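**Student:** Chain by chain, the residues:
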Amino acid sequence: MSVRAVARKDLADAGRSKALWAVTLAVVLFTAGITGVAGTTSDEPANVVFGLAFQLVVVALPIIALFVAKGAITGERESGSVRVLLSLPPSRRDILLGKLVGRTALMLVATLIGAVTTGVVVVTLIGSGLNLLVPFMIFLGLMGMAFVGIGVGISAVSSTDGQATALAVTAYLILVALWNLIQRGIQAGAAELGLIEAGSQPAWIQFIGVFPPNRAAVAAFETASSGGQIFAADPFASVWFPTLMLLIWLIVPVLGGYLRFRDADIG
Amino acid sequence: MLQWHIPATTEMTEPAIDTDGLTKRFGDVKAVDGLDLTVESGEIFGFLGPNGAGKSTTINMLLNFVSPTAGTASMLGLDVSAERKQLHRRIGVVPENYGLYERLSGRRHVELAVEFKNVSDDPDELLERVGLSQEDASRPAGEYSTGMGQRLALAVALVGSPELLILDEPTSGLDPNGARELRQLIQRENERGATVFFSSHILEQVEAVADRVGIIDDGKFVATDSIEQLRENLDGGARVTLHVGREPEGPVAELPNVRDIEIANGVVRGTCLEPDAKLTLIDRVRETTTVTDVRIEESSLEDMFASYTSDGSDCDDTEAAVAGGVEA
Numbered sequence: 628m629s630v631r632a633v634a635r636k637d638l639a640d641a642g643r644s645k646a647l648w649a650v651t652l653a654v655v656l657f658t659a660g661i662t663g664v665a666g667t668t669s670d671e672p673a674n675v676v677f678g679l680a681f682q683l684v685v686v687a688l689p690i691i692a693l694f695v696a697k698g699a700i701t702g703e704r705e706s707g708s709v710r711v712l713l714s715l716p717p718s719r720r721d722i723l724l725g726k727l728v729g730r731t732a733l734m735l736v737a738t739l740i741g742a743v744t745t746g747v748v749v750v751t752l753i754g755s756g757l758n759l760l761v762p763f764m765i766f767l768g769l770m771g772m773a774f775v776g777i778g779v780g781i782s783a784v785s786s787t788d789g790q791a792t793a794l795a796v797t798a799y800l801i802l803v804a805l806w807n808l809i810q811r812g813i814q815a816g817a818a819e820l821g822l823i824e825a826g827s828q829p830a831w832i833q834f835i836g837v838f839p840p841n842r843a844a845v846a847a848f849e850t851a852s853s854g855g856q857i858f859a860a861d862p863f864a865s866v867w868f869p870t871l872m873l874l875i876w877l878i879v880p881v882l883g884g885y886l887r888f889r890d891a892d893i894g
Numbered sequence: 057m058l059q060w061h062i063p064a065t066t067e068m069t070e071p072a073i074d075t076d077g078l079t080k081r082f083g084d085v086k087a088v089d090g091l092d093l094t095v096e097s098g099e100i101f102g103f104l105g106p107n108g109a110g111k112s113t114t115i116n117m118l119l120n121f122v123s124p125t126a127g128t129a130s131m132l133g134l135d136v137s138a139e140r141k142q143l144h145r146r147i148g149v150v151p152e153n154y155g156l157y158e159r160l161s162g163r164r165h166v167e168l169a170v171e172f173k174n175v176s177d178d179p180d181e182l183l184e185r186v187g188l189s190q191e192d193a194s195r196p197a198g199e200y201s202t203g204m205g206q207r208l209a210l211a212v213a214l215v216g217s218p219e220l221l222i223l224d225e226p227t228s229g230l231d232p233n234g235a236r237e238l239r240q241l242i243q244r245e246n247e248r249g250a251t252v253f254f255s256s257h258i259l260e261q262v263e264a265v266a267d268r269v270g271i272i273d274d275g276k277f278v279a280t281d282s283i284e285q286l287r288e289n290l291d292g293g294a295r296v297t298l299h300v301g302r303e304p305e306g307p308v309a310e311l312p313n314v315r316d317i318e319i320a321n322g323v324v325r326g327t328c329l330e331p332d333a334k335l336t337l338i339d340r341v342r343e344t345t346t347v348t349d350v351r352i353e354e355s356s357l358e359d360m361f362a363s364y365t366s367d368g369s370d371c372d373d374t375e376a377a378v379a380g381g382v383e384a
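Those protein sequences? They're chains H and C, same order as listed.
Residue numbers for the first sequence follow my numbering, beginning at 628 and rising by one.
Residue numbers for the second sequence follow my numbering, beginning at 57 and rising by one.
The reader is advised that the hints may include incorrect statements.
[What the hints assert, rightly or not] Beta-carbon label-pair distances, calculated as ranges:
id	chain 1	residue 1	chain 2	residue 2	range
1	H	Leu886	C	Gly108	27 to 33 Å
2	C	Glu191	H	Leu656	36 to 42 Å
3	C	Glu70	H	Gly707	52 to 58 Å
4	H	Leu882	C	Gly108	33 to 39 Å
5	H	Leu800	C	Asn233	51 to 57 Å
6	C	Ser189	H	Gly707	20 to 26 Å
Just so you know, these hints were derived from the structure itself, not from any lab.
Keep in mind the model is a prediction, meaning the values are calculated, not measured.
Don't be surprised by glycine CBs; every beta carbon is placed ideally from N, CA and C.
I would like the entire structure built from these sequences, with the hints used as guidance.
**Tutor:** Here is the structure:
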């Protein structure tokens, strides 16, 4: 009841802002635009074009999702409207969940519009690959949701909007921009220490490879779009394992954020 | 006008607000220090104190915005933390430093509160009651002036006919006219049966409506009583200043209920604790000299306030104290 009301309020408020339209436009441009460029500049089959587009889109979508979400709580704290909400019956949990639902819906609407536009672009240019649109949409959607979750979690642990922005940028740098380096560093370090043989890929190194939501989404989409098994024995060649990673990302940051926000002094 | 409140006995309704040893420490600073506050059901309680005295921290604890370091607090017999949801359906609040949703209309704000409290109030009726027109109610709150925002916040607080209204500095941002309307509204709500608890650092706001006043300073109550009783306890009396043709020779003899008689620069001053003591003093002085002018200053609430709070922290208080004759 309260969660739904908070979510609707959040959407109504955000819907009147230019943010929604800016986000939608950004997502559409990134997904459809990049796919369009990939489709026209190569003679690759649809699944390769989609794969290429997916790899590029997962770089852009996380920062959009983080910025959609990072002000969810801190914005209300800075404006003082959270004091009005908390004076009314909704609890902090209701507010956090309502915000999560609202911002997730916002992100999903934008992703959906982006994915549909992408489908139109691909089918127009290549004439096939419409079937790939479903996994494309699902895994981009899940990844967007995961980053919205991370952003809302960040917002819940921050006391100011500036702090939330700094944390969101840090999360982006670590999980998206620098993860390749981090993974290679860990791998090289482990080889140096004699924990693994140079060049080998034991399970835990592979795990590090699919740890961030963007990586997990790419792994899941690639396996799914290349006809891989959903429940393959090797988790790193399956769809279920990276999907599970995405679902964990959906829950853990929000839960962590809730525990901090629950006990925070709203001075 | 002022009602004298007899402490409730056990079979009467539960206190509207009840705190026991409520304490909040921020690092080494005790913002609120062992506060025992009881606001009886049906009264208008003014929570008075200079800025930084601990008023807001106390209210923040009552509203569960901030958790106490020690002590307990309940309102309407419900624990402010464990039973907050149930409690918040029955109270109305104008918190300090609240914000509005700039892009949502005034009416939408009230509709939201109606939805959250699960009641069937008519938003337009509430908006009208606080003096916001239909036209204003349709505008986004981001376009509101401070006073209009304050009226909207009040309309939100009134949703669901709350049994207890908590207003943190409700007059800030209101013009004198708005402040008067607010007092009338507080009185109407009280007549309806609501308990009203409001904080202020402005004495006249409290003096005008409150049945009882609690004065807080440095996180502790320095006085809790009716205004009349506080004034009596103050023992400030009236400061009588007599300009005389020539100073009386020798000291003016001791008079009952007259204190601090001093003679200097052609002026005789005395503090009269009872009304008839003023005449006694004037008569006594006239026996020895001619009185050319008389000035009488009643001790004001400002003096009372200044005398109760330690350092008269802001300039206005200090000036008022000096003018009223409570010189240190």
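**Student:** Decide, hint by hint, whether the structure agrees.
**Tutor:** Each hint tested on the structure:
1. Leu886 of chain H and Gly108 of chain C have their C-beta atoms about 31 Å apart, which keeps the hinted 27 to 33 Å range intact.
2. Here the CB-CB span from Glu191 of chain C to Leu656 of chain H is close to 40 Å, well matched to the stated 36 to 42 Å.
3. For Glu70 of chain C and Gly707 of chain H, the Cβ-Cβ distance of about 31 Å falls outside the hinted range of 52 to 58 Å, so the restraint is violated.
4. A hinted range of 33 to 39 Å holds for the C-beta pair Leu882 of chain H and Gly108 of chain C, which are about 37 Å apart.
5. In this structure the supplied range 51 to 57 Å holds for Leu800 of chain H paired with Asn233 of chain C, their Cβ-Cβ distance being about 55 Å.
6. Ser189 of chain C and Gly707 of chain H have their C-beta atoms about 25 Å apart, which keeps the hinted 20 to 26 Å range intact.
Checked against the numbered hints above, the structure violates only hint 3.
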